[in-house]
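Just so you know, the sequences run in chain order A and B. FYI, the UniProt record's numbering numbers position 214 of the first sequence as 214, with every residue one higher than the one before it. FYI, the UniProt record's numbering numbers position 18 of the second sequence as 18, with every residue one higher than the one before it.
Incorrect hints may have been included.
Selected chain A positions facing chain B (Cβ under 7 angstroms, derived; list incomplete) [unchecked claim]:
1) Arg20
2) Thr85
3) Gly86
4) Gly145
5) Ala248
Stretches of chain B that chain A covers, calculated by requiring three or more beta carbons in the stretch to come under 8 angstroms of a beta carbon on chain A [unchecked claim]:
6) 43-51
7) 57-70
Please keep in mind that the hints were generated in silico from the structure rather than gathered at the bench. Note that this is a predicted model, so its numbers are computed, not measured. Cβ coordinates follow ideal geometry from the N, Cα and C atoms, glycine included.
What follows is the residue order along each chain.
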Amino acid sequence: MGELFARTCAAEWTRLWSVRSTWWFLAAAWAMMHGIALMAGVSTAGQPDPPVGDPAWGIAPIVVLPAQFALLAVAVTAVTAEYATGGIVPTLQWTPRRSVLFWARVVVTTAVATVLGVAFAFTCGLVGWVAARPILDLEGAGVLGTVAFVLLAGTLLSVGLGFLLRSTAGGLVGVFLLLLVLPALLPQFGYEWLTEIADVLPGTSAIFLLTEEPSGRGLTERGSVVLMLVWAVGALAGGWARLVRDDAG
Amino acid sequence: MTIEVRGLTRRYGDVVAVDDLSFDVLPGTVTGFLGPNGAGKSTTMRMVLGLDRPTAGSARVNGRAFAELRAPLREVGALLDPGAVHPGRTGRAHLRVAARTNGIPTARVDEVLAQVGLERAARRRIKGYSLGMKQRLGIAGALLGDPGVLLFDEPINGLDLDGVRWIRGLLRSLADEGRTVLVSSHLMSEVQQTADRVVVIGRGRLIADTTTGELMRGLGARVVRVRTPEADALLEALRGHRVARAGVDELHVSESSSAEVGALAHAAGVPLHHLSELEQSLEEAYLALTGDAVEFAGHG
Ligand SMILES: Nc1ncnc2c1ncn2[C@@H]1O[C@H](COP(=O)(O)OP(=O)(O)OP(=O)(O)O)[C@@H](O)[C@H]1O
Ligand SMILES: [Mg+2]
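Working from the sequences, and respecting the hints, build out all of it.
Rendered as structure tokens:
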């Protein structure tokens, strides 16, 4: 099992990096994050009453909030491009043990998106710190752990949705709806039950973990973590079941 | 090194694509897998490769279900749809992924690329490949693990004349090395030169499973067409043969050869204007076999 899994992961690694879309999405994430970090740093330095001594890492969640979608797109397309192109047929010919393929893909895409996302967030903190010098501090890097969790749970959800829906458009729209559009939109209508629905969506948890907003709705850190994990596990279970039980393509 | 298909059945809603199909494919032979469009050839192959789930029955490769194999490329090479590849990868990257999945040394990738004549296109993206080039890439993938069992679904599609000749030679030499080769086609003429055995299906059901020679004999192939101004005299000389009169001056002689008919005519002193063996008889025989089983017949 170990050796088979290792070589399947090695193949997934080559698969991921040998298509251009991976590079484009990562480049987009990098540019977006560092651009925002630079602007945030500069505007902090220009404030009349600068927040002296605040941690520079506070920039990380702000840049990750919009840029996570470029990272999640890497995960979605790593799965769905194979269904669009028919590439899933040779893939399953080479790795007919579908659970092995599933977990190798989950591990490789999640690791790449999360590790690079956190690394980018780290350099964004440094960029902000330099741009705002000498106002910000380099203490309190623990927020990067929160960033890592949000990216990890988001990528797991994205991979699961990709396997479940088998469509790039469907996967990307699903990720957007669950992580951004519905959590932001539903509470706007002012109906309590719509807000309650919004509160159990993974996007509300992600936003709360990153920004501590919205306050006053009774959200907790622990509850948000659990909720994101439940969504991730649910999507993975659905995606796994479809891959293992259905025809290849 | 065998493929065993037992009671294989696949339904798509109301359509029975494959219907209780059983046959064996044996080592050292090229087995032609024949049937009209929609007969269920591709569906059968996808089930053998564990890609589609059978409604009933099973398919085994080397005594095991394909989906259980840990390094399938080393046992079974297959080319189904040559277009089913990510167009953004280079041909070489595509095969390197394949090699990684099965623990095959990447040096082997360049070997098979050279073998199929793609070394110059290897570093180009597949989206720029022609159908024939994709076909060759798929064949390279099938050969990558040096497998004992090979399946090709209509490998001749899209190949030029040289390519067709090349693939016929390749199939032959693979079988001569003792491998098990199953190659599908909807045209009898495509496989009659290369196949030792044929499995014919129509509407998902087995119609014939026999050697190519037997199929030809059993169907009264080898018709000799002969034209002569003295048809009656020739008819007399051919007494004992199965002869059909195709016109005032034309006879069709079954189960004979042009050499035999020519010799008999010469002995009887009958002048001949034309003497040939009808190549198409096998095709016609195949059409006769599958005629009732054609799914999509043209109209008009
Ligand atoms: N995914 C599917 N959904 C519904 N019907 C299908 C599906 N795949 C195949 N079929 C049907 O199953 C039957 C057999 O199709 P199959 O592709 O196996 O035929 P084939 O012998 O390979 O034909 P061809 O010579 O045209 O390639 C056809 O009637 C086809 O319409
Ligand atoms: Mg077919």
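Here's how the hints hold up against the structure:
Interface restraint check for A:Arg20: the shortest CB-CB distance to chain B comes to about 6 angstroms, inside 7 angstroms, so the restraint holds. With a least beta-carbon distance of about 5 angstroms to chain B, the hint placing A:Thr85 at the interface is held under the 7 angstroms criterion. The closest approach between the C-beta of A:Gly86 and any C-beta of chain B is roughly 3 angstroms, which is under the 7 angstroms cut-off, so the hint is satisfied. A hinted interface residue such as A:Gly145 counts as satisfied when its beta carbon comes closer than 7 angstroms to some beta carbon of chain B; here the least separation is about 33 angstroms, so the hint is violated.
For A:Ala248, the suggested interface contact is upheld, since its CB lies about 4 angstroms from the closest CB of chain B, less than 7 angstroms. Proximity of the region 43-51 of chain B to chain A, defined as three or more residues with a beta carbon under 8 angstroms from a beta carbon of that chain, is established by the 4 residues found. Only when three residues or more bring their CB closer than 8 angstroms to a CB of chain A does the claim for the region 57-70 of chain B stand; here the count is 5, and the claim holds.
When each numbered hint is compared with the structure, a violation occurs for hint 4 only.
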